[in-house]
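**Student:** So the protein sequences, as listed, match chains A and B. Residue numbers for the first sequence follow the working numbering, beginning at 1 and rising by one. Residue numbers for the second sequence follow the working numbering, beginning at 1 and rising by one.
Source of the hints: derived by calculation from the structure; they are not laboratory data. A hint or two may mislead.
Stretch by stretch, here's where chain A covers chain B in the computed footprint (C-beta under 8 Å, at least three residues) [said to hold, decoys possible]:
1. 29 to 35
2. 43 to 57
3. 107 to 114
4. 254 to 263
Label-pair restraints from in silico Cβ distances [as the list claims (entries may be wrong)]:
5. B:D239 to A:L306: 50 to 58 Å
6. B:Q125 to A:L306: 28 to 36 Å
7. A:T32 to B:I11: 40 to 48 Å
8. B:E209 to A:R122: 57 to 65 Å
9. A:V282 to B:D239: 51 to 59 Å
10. A:S252 to B:Q125: 48 to 56 Å
11. A:Q53 to B:S208: 42 to 50 Å
12. A:D155 to B:W179: 32 to 40 Å
13. A:P258 to B:D239: 42 to 50 Å
14. A:D239 to B:N60: 18 to 26 Å
Keep in mind it's a predicted model, so treat the numbers as computed, not measured. By construction, the Cβ of each residue, glycine as well, lies at the ideal position given by its N, Cα and C atoms.
There are 2 protein chains.
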Amino acid sequence: MTPHIYFNSDIDSPVEWRDALATEFRAFTFSTAEAMDSPDAVDIALIWQLPPQGLKQFRNLRAILCLGAGISQLDPSLLPCHVPLARLVDDSLTRTMVDYAKTAVYRFHRAFHIFEQQSRERTWQFRPPTLTRDTSVGVLGLGEIGSSVAKALGDEGFCVHGWSRTAKQLAGINTYLGWGGLWQMLPRCKIIVNVLPLTDATRAILSSEFFSHCRDGVYLINMGRGGHLVEQDFLAALDSRRIAAATLDVASVEPLPPMDALWNRPDVLITPHVAGISIPRVAVRKVAENIRRALAGQPLLQQVDLARGY
Amino acid sequence: MTPHIYFNSDIDSPVEWRDALATEFRAFTFSTAEAMDSPDAVDIALIWQLPPQGLKQFRNLRAILCLGAGISQLDPSLLPCHVPLARLVDDSLTRTMVDYAKTAVYRFHRAFHIFEQQSRERTWQFRPPTLTRDTSVGVLGLGEIGSSVAKALGDEGFCVHGWSRTAKQLAGINTYLGWGGLWQMLPRCKIIVNVLPLTDATRAILSSEFFSHCRDGVYLINMGRGGHLVEQDFLAALDSRRIAAATLDVASVEPLPPMDALWNRPDVLITPHVAGISIPRVAVRKVAENIRRALAGQPLLQQVDLARGY
């Protein structure tokens, strides 16, 4: 079994992935746009985004293995629908997402966003610290990543609420279900962390209506997708101080264009889609398992249901 | 037993402390500079800093209970040396110190200090996240607070080193002893967290010599005292990029004067001495125990040895 792999990503390192795959397969070929095997030989596409021409040149493709936990960066009209598609949620992705959530939540909890501003303004203004149990955090989405984020924040002592589309039970987390549950949860949260997948049901969820249910001065952390956020509604909610400050790891267009109104605001921290990544030397075990399954004609792990969107 | 308490602090709330003491003592008096009992009646001084005239007006003082974990803000020449002095390290102080350390360490670990800068410059520059086990943190000081900080960072998965004056064993932490141990530890650390007490042995420890043993591009977090840091050496180490960035919670003069060179540098975050505080409703149990001990003529908990300095 010699996999013939085509690799395409702007954000993942081809060298690290090739080296990691070499620890799993004695023989394999590894093509990129720059160094291409015969397209007919390629049976696995390992990609973050699609190449501009799509994948139709690979006529013998057995699987598309997306390097992301979400697939909203893939234009569905360019996906060959007879080829199974899997997303990738591995331990290193989950751990980096959890760590990002902690970094962003602690930053608001301990008012570092205010002290950054004060440092630039040469202002020494004491604010007493508070205990984590007095800060409530609401997590939107309780899938594999969301439930790990909620549990980890609970372990830090935060008072954690969690919202999902299907009913979930998580020890120590107050869980809520459906739209009614969301409107119940939002006023209880000082900080909101979005880790939803982007689907037709969740697109534009972070809207004026959503913000109208939040408490005044809420903090928003968007680790989901840019398509969750209605930018005009968000800017209005910042200007009215309904949202006190936000951390956005995702944007509707990435890279976020230099003239976008989200840049250079003291109340918005932009991070360049760095919340989570699958680290090749850790994630390669999960990818190799899916390569073996694809070549053996078995169903993939984390196979995407395109109708559901994840 | 009716304690007569004199309270003095610029940073602690007299109202919260009075309310908290009321949960421990049925009867007590509570004096401040604004509302003073007869000075001869006062038997307990509960203070963060000394009043300008010192404490000599209180001729029947039985104990000085400092509200800080450190006592370097108290001028020893103004302390009546026949009155026992205690410092205060309680659970809420330790927990807020630990949380601050996590906030500051995660901020560097996940490069939020760089993304803050990029947000102001409208720059989207991807940097892949790394796992906590690939970030090494050195903790200076392994007393009650330092060992809690080291353990908590170890629980987050960081690779933790710890340095102390007297030998310490901590599960999962690489410990080092004395000056030789310090020079061994420093090159192994990407991030240094200082939680030492300020004593004659540790004053000005963060000096050119210290920085010369650090690796290039080290991150420094000072949660100890301003007197630990030699400001000119520190600025030189920043300018040469030996230190990549720093978070300073303490300054040699507090509030840090507006024209100080530490302000408004992209590589220095100043926080206004907020790392840890004893939260009255939590810490009052420890304070009440020391009040009872003082009135009963017993030795205090956390009594300070002025020769040692803590």
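**Student:** State the violated hints by number, sorted upward, taking the hints as numbered earlier in the document.
**Tutor:** 1, 2, 7, 8, 9, 10, 11, 13, 14
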